[in-house]
Every structure is written in structure tokens, then in C-alpha cells.
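K.L.:
All chains, full assembly: derive it from the sequences and hints.
Given next are the chains, with one letter for each unit.
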Amino acid sequence: MSTEAKEAKPSGGILPRLLAAFVIGLILGGIGVFAVQSSQSSAQLSALQNKVQSLQATVDALNTTKVYTIGVSFPLTGELSDVGNQWKTVAQMALNDLNSELANENVKVQFKLVIVDDKTQAQGALTAVQSLAQQGIKVVIGPAASSQVKAVKAYADANKILIVSPSSTSPTLAIPNDFIIRTVGSDAVQAEALAKLAFGQGARNVIVFYRDDEYGQAFAQFFSNVFTSLGGKATLTKYATGLADYASEVAQLSSQVKSIGADAVVMISFDTDGANILGHAKDDSTLSSVKWFSSEGVHGTTQLLSPEIATFIRKVNLLGTRPVFKENPVYKDFAARYKKLTGRDPPVFAANVYDSIILVGKAILLAGKYDGEAIRAAMFKVASNYYGASGWCILNDAGDRMYQDYAIWTVSSVNGTYEYQDIGSYSGGTITWG
Amino acid sequence: MGLIDLNVIVNTIWIGLIYSLMAIPLTISYKVTRVLNFAHTSLITVGAYVAVILSLVYPSLFSNIFLALVVSFFAGSVVAILNHKLVYRRLMDKEASPVILMIASLGSWIFLKYLIYSIISVVSKAIKKDLYFAVPNFNYTFNLNFLGVSNPAFAYSLVLGLSLVAFTFLIFYKTSFGKAMRAVADNPQLAQISGISDESVMTLTWLLSGGLAAVSGVFWAMFSYASPEFADSLVLQVFAACVIGGISSISLTIFGGFIIAGAENILMTILYTLVGLDLSFRPFLSFLTLLIVILVRPPAGAAGGLPYRLKLRRRESKWTS
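Chains A and B, in that order, give the protein sequences. 1 is the number of the first residue of the first sequence in this note's numbering; add one for each residue after it. 1 is the number of the first residue of the second sequence in this note's numbering; add one for each residue after it.
Just so you know, these hints were derived from the structure itself, not from any lab. Among the hints, a few may not be true.
Calculated cross-link-like contacts (lysine-lysine; reagent style DSS-like; alpha-carbon spacing at most 25 Å) [what the hints assert, rightly or not]: (1) B:Lys129 x A:Lys332; (2) A:Lys258 x A:Lys315; (3) A:Lys340 x B:Lys125.
Across the chosen pairs, the derived CB separations fall in these ranges [unchecked claim]: (4) A:Gln92 x B:Phe111: 24 to 32 Å; (5) A:Val414 x B:Ile119: 31 to 39 Å; (6) B:Tyr140 x A:Val414: 20 to 28 Å; (7) B:Lys128 x A:Gln56: 48 to 56 Å; (8) A:Thr58 x B:Tyr114: 45 to 53 Å; (9) B:Val235 x A:Val114: 25 to 33 Å; (10) A:Lys66 x B:Ile119: 33 to 41 Å; (11) B:Leu144 x A:Val414: 32 to 40 Å.
Please read all numbers here as calculations on a predicted model, not as lab measurements. A virtual CB, placed ideally from N, CA and C, is assigned to each residue, including glycine.
P.N.:
Below, the structure written as C-alpha cells:
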């Protein structure tokens, strides 16, 4: 190395170096701070964005209409198909009314129905409820018959599917703390009403001619218990359900009336079998000479208004009982709208079907969630304050309608045509005429 | 009659005649086409409803029972022929076995049943009348007193029903068409070689069978009522009457119809009165009767019951000895 090189020293001194280092340090520090600050604000921004999205979702949810599904198991084919198909119209009317009410009040909830045919069979009802449950449905309106309700009970209780039947009346199904709710009164009271009616009309030795299913068996037994306690004699005769015709059974009934000297026949039937039985009974001289009484099953059938059967009904002075409610504006409006739509008067239990749909809808809203147990609990609360087409729908501990009155009905001639007429009522253990 | 009322006798005759009229076309169709037609009950329902609806909607014209029966006959024929052309013929062309044809007939039955339900629903709403339980609006102009029972619907059913049975025998045994049907039933290949068109005979068989089934539905609606499933409820009785007749003999099918009706009415009365048997056992009696008859007097062509097999074994041993 040369001396010149050794002797070469940087010019300017240490200060510029220090200054340079300071500036570089500042710059680097600034970059660092900026980087840190950037990441922090990015996180804040992200958090802010998330919050905004969440708020947006809430707003969207508030603006989106929530749709709940109500399952329906109706007899669209089979023995009760006439009634079942009419109920379908009633259910649609109820649904439209419910959804309209909610829309008018700006409630972002709507309901829809999924209707399944249970074929008026016990197995059909179970299949229907199972298929509805598989679709995630937690509440089912129907089935119609007590034998069907009995068939679905175990499955409904195990899977917490709420069953709301508008027409099952067998007292044997009045069980508390289950998942069966019935918006119609139990037949325990109706059987008492019918027994007091028959006894009061002078019947002392009756044959109870009943359909051999859950409904008929329980009704007949309860009737017999009350009638016997009043001092009368009741002979129970059952017939098979679902047959094409009952001429043979009516012939046996006639023989039995003759052999035991019965003074009255009490018929516990559905609509088609009851009308068929009366259609054959009218041709029998023995059966035309005794009194006849009937449950509500055959009430409303158009066949009873045909001249031949109506004449027979007048001749034997057939009187029946049926669940009824005091006529109210809600029912009158419902009946008028139904008649305008279909040209017919509402069928049996139509008002109960209507109220069942409305009750279930309101119970789902009150429950706040689509859960069988929650809806069940809500039903009792909703029903306790609900006055519908069928009147007050308050439920008892067994989930059955608590207050149920009954009407005494017959078929009368009015201005040359035959009509169903309520000629009395049964309430609080007493029959009142007029 | 102390034990059995005249009403029971009349019911037996009336119901027996209707069961026979329902079962005869099933026997004829099976005999000729070899199809065990489960859609048969749908044809009965179609016939009943055509008469009921026409008599309710056009009473001035169709309260005349003869006119209603003619239209019902043709309605039943058309449905039966369509069913054959669209379902059975196509399967037969593919050489489907009798079991496949029977299963196809089950499919036709279900399809027709729900089609009938749909039509009834629409028509019921349109005419604002209940059709799920309907009786025809016929104008009965004559009546007769039979065993003390005076019922015009029974009078018409008896006279017209017996006439139809006679008409069926006439067609089947005294006409060239009937001869052709019997030829195809006995030996389709030989019949074809002889110049008898298999398809023409089958089509005409379905025409006759479908028409008779439809008319039997009208008689049932006169006796009781029409509903979408009334004929399905009678499937046991109809098939029982056919099987008693060996699904081959028209006269034995008629015998089967009356046997089943007798069991449901007379036997039921006897058991109910003497032994106190529940009325709900009535359907069981039809089945029990069928079982007894096919064991004691087995149907021709079937495997047969025990006495038949014993007789056959005795005959065979006689030949070999």
C-alpha cells in the first residue's frame, strides 16, 4: 500500500455520517411505524367490515320473510274422502286468512301447507305423518279419525311432532302430556248427551249399532254406561268398517230388534256408512217402527236430505247430537265465504279445521322457533285467548277442547225441501229445547 | 221363515246377481286374454259414475235407465280397450309373462283409481253436488212384488240383470264371435292358424268385458251407492266368485257369485242368530267360503285341493296297474 493511500482520509468529518445515519434511521423507523400502523388499521378495517356485514345480514333477515311449513294429514281418499276434500278447501281458506293477517301487520312470516292423503286408514295416517316428519315438519293438522290418531301417537310422542286433530273425539285418547291436541271436545260428554236424549225421549231398551273402531267402541261404551245408570238397557252390536255396503248388517239389526223387543236404535257411524245404513233401514218395516238416535258422524250428509231417506227420518223421528258452538260472527263469515266458494254448507268439523290452522300458526309465532315441544307449549297459551270460527278453543290438561256444547239435530221439511235443523242443545248436563 | 227373513233372501238374490255380473267379465277376459286384470274394479267404478253423473246432470235424458246403461257399457268398453292397447298389448308384443301382465294390471288399477278420484273432485265442484257418495237419479216406471218385497230398483236389477246374463251366454256360445273367443281361449296358436285374428278377438273381448263390468257397477249403485272405492271394497267377493268358477266357466262363476252372497247373508244370519257371531266377521265368511269350495271342488286348470289330488293319484295308479 502506498503512503498516499495510507494518508488518504475521508473529507467532511464524522458529523455528516452521523446525520446520514440519523436520517436513514428516521426513514427506516418511519417505514416500520407505517407498516405497523397499516396492519393495525387493516385489522380494524376488517373488523369494521365484518360488523357492517353482520348488520347488513340482520337488516336482510328483518326484511326477508320467514316461511314455516304446517303439515296436513287429511282423508282425501277412502271412507271420509268427501269430508277430507272439503277440509282441504277449508285449510286453504284458513292459510290465506292467516298469511293475509300477517302481511297486513307487516310481520315477515308466512306459512305454507303440505297436504298428504292418509286414505282414512290408520296405517295411512302413520305413513303420512312419517313422510311429513322426514321433510322436517314439526306440526301436523289431522288425522281425522280417532283410530288414526291412536296409530300416530307413539311416533308423534317419540319424535316430538305435534298432532292437532280437528275431529278425533274418542275419550280413550284424552291423555295429558302427550303430543296430541284435539280442537274438539271428547265424546265422553257427547255420549252422555245422547244417552240422556234417548232416555228422555222414552227409549228404555236400545240397540247401540256402532262402527267397530276407536271412535265407535269408546262412544258405544260410554253411552251404554250412562244409559244403564239412568235405568235403561243397552245392547251393543258392532259392524265392520270400510265395507262397500251394509244391507246384510241392517238385516241382522232388524232381526235383533225383533228378537229382543228393542224400542230404539242408536247409530254411531261416519257419514257414508251411516247414510248407507239408513238407506237400507228405510226399506225395513221393523226398523221403521222404532225410534232412531245418532251421533254426529252422519250429520251434514246430502243423502239424508233425499226425499226417501228424509221421509224415513221424519217417520222414526231420528234425533242426533253433534258438537257445536254458539253461532258467532267469525263462524258466520267463514260459513258464508265457504258457501260462496263451493256452493255447499261447511262440512262437519270444518270450523275446527279452520281454527286448528290459525291456532298452529299463532303458536309457531309465539314459540319463536320451529320446534315441536315449543309449539306445543305455545298452543295452550294461544288457545286460551283464541275465539275463532268454532268459538273459544281453550284446551284442558289432556290437550282437548275444554268447553264443548252439543246440539240436538234432526232433518226437517222446510218449504218443501229437507234441511238439517238444530232443535235443541245440551250444555252443563242439561238438554234445552228450541 | 223364523230364522231367516224374506229381506235376507231378497238381498242374497240381488247381491248374488250383482256379484255374478261383476265376476263374469273378469272370467271372460282372463279366459281369452290370459290377463288377470286387477284394473277390473276400476271398470266397475267407471260404469257406476258415468250413469250417476249423467243422471244427475242431464236428468231429462239419463233418468232413463236403459240409456244410462248403454252409455255406461260403452264407457267401460272404451277404458278397457285403451288399457289393453296402451298397456297389455305392448307387453304382450314383448312376450311378457302372465306375472308381468298381472303386475301391469295392478299399475293400471292404481292409475285409474286416482284418475277417477281427480275427475270426481273436479266434476263434484263443477256441478256443486256430492259425488263421493252418490246414487243414480233413475226414473223407475215399473215395480214388482217379490217374496213380499216391493222395491223398483230390485225389480229393474232382476229383470235387466238376468237379461244381461242371458245375453252373455248367447254371445259366448251362439255367435261366431263367441266361437272365436273360445277358440283363442283354448288354443291361441291353432286359432291363428285357422285364420282367427288374435288381436281382433282380444279387442272385442275387452269391449264385452269392459262393458259388462261397467254395467254391473250401475246395478251396484242402484242397490247401494257409488263411491270412488266401492268396487275396490268388493274385490275379494268378485275374485272369489271367479275362482269358484275356475276362472274359466261362466256358469260356475254365476254359481260362485250366489255362493258368496249366500255366505254373507244367509250364513251370516244363521251364525249371528244361533251362535252370536259378530257382524264384523262378514268379510271373513266370504274368504272362508272360497277356501272351502276350492278344497272340496277345485277349479279346473288350477293345482286343485286335496280331494282332487287324491282322485288324480288314484286315477294314475289305475292306469299304471
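K.L.:
Now tell me, hint by hint, if it's right for this structure.
P.N.:
Hints, one by one, checked against the model:
Restraint check for Lys129 (chain B) and Lys332 (chain A): the C-alpha separation of about 22 Å stays at or below 25 Å, so the hint holds. With a C-alpha separation of about 18 Å, the suggested pair Lys258 (chain A) and Lys315 (chain A) falls inside the 25 Å cut-off, and the hint holds. Distance hint between Lys340 (chain A) and Lys125 (chain B) is fulfilled; the C-alpha atoms sit about 12 Å from each other, no more than 25 Å. For Gln92 (chain A) paired with Phe111 (chain B), a C-beta distance near 26 Å keeps the hint of 24 to 32 Å intact.
Separation of Val414 (chain A) from Ile119 (chain B) is about 33 Å and conforms to the stated range, judged on CB atoms against 31 to 39 Å. The given range of 20 to 28 Å is respected by Tyr140 (chain B) and Val414 (chain A), whose C-beta atoms sit roughly 27 Å from each other. Distance hint check for Lys128 (chain B) and Gln56 (chain A): the Cβ-Cβ separation is about 53 Å, which falls inside the suggested range of 48 to 56 Å. Between Thr58 (chain A) and Tyr114 (chain B) the beta carbons are some 47 Å apart, a value that agrees with the proposed interval 45 to 53 Å.
Hint check: Val235 (chain B) to Val114 (chain A), Cβ distance near 31 Å, so the stated range 25 to 33 Å holds. For Lys66 (chain A) and Ile119 (chain B), the hinted distance range of 33 to 41 Å is satisfied, since their beta carbons lie about 38 Å from each other. Taking 32 to 40 Å as the suggested C-beta distance range, the pair Leu144 (chain B) and Val414 (chain A) conforms, at roughly 35 Å.
Every hint, counting from the list given before, is met by this structure.
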